[in-house]
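Engineer: Sequence:
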Amino acid sequence: LTAVGCTVTLAVRRAPRARAEFRARVAADPRIDVRKRTRVTAAIGGARLEAVRLAGPSGEEEVYAAGLVIKIGVIPNTEWCRRTLAQGTEGFLEVDASLAASRPRVWAAGDVTRPARLSIAVAIGQGALAAAAIRAALSDSA
1 LTAVGCTVTL AVRRAPRARA EFRARVAADP RIDVRKRTRV TAAIGGARLE AVRLAGPSGE
61 EEVYAAGLVI KIGVIPNTEW CRRTLAQGTE GFLEVDASLA ASRPRVWAAG DVTRPARLSI
121 AVAIGQGALA AAAIRAALSD SA
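Residue numbers (full-length UniProt numbering): 1 to 142.
All clues stand as given, with none of them false.
The calculated label-pair distances, taken between Cβ atoms and stated as ranges, are: (1) Ile134 to Glu60: 45 to 55 Å; (2) Glu90 to Val69: 20 to 30 Å; (3) Thr84 to Pro30: 35 to 45 Å; (4) Glu62 to Glu94: 43 to 53 Å; (5) Glu79 to Ala51: 32 to 42 Å; (6) Ala131 to Gly45: 31 to 41 Å; (7) Ala131 to Gly88: 16 to 26 Å.
Calculated from the structure, these hints are not laboratory results.
All C-beta atoms in this analysis are idealised placements derived from N, C-alpha and C, irrespective of residue type, glycine included.
Using the sequences and the accompanying hints, generate a full structural model.
Structural biologist: Okay, structure coming up:
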């Protein structure tokens, strides 16, 4: 968002757990205001969003907002398969070019695979690639 001229207020509920490269990019961007130990408590407006109410260490405040993006976490939710699928040091699943994971007939796509960018578009593209690989694997085994 800052690349197109927006100012961003980033409310972080707990101690930052994001990947180091993400934290470094955020810290280096003067258009990003990081509010630690802060949460969004309300979206304010009528037909359009006008502000968000933030609750943080210094109390509550309303901050102008033309938009609201909710992202809950940047650490992959892969603890449930830690013992069964190979993972890198930050918990991302290791996959090959067809998005096959370390066990037969298991594929993964999106934010759990350490894509080049964490975005919906990349996740959708990876999902399509994984679906094609699954289709090919199923037709080969038929």
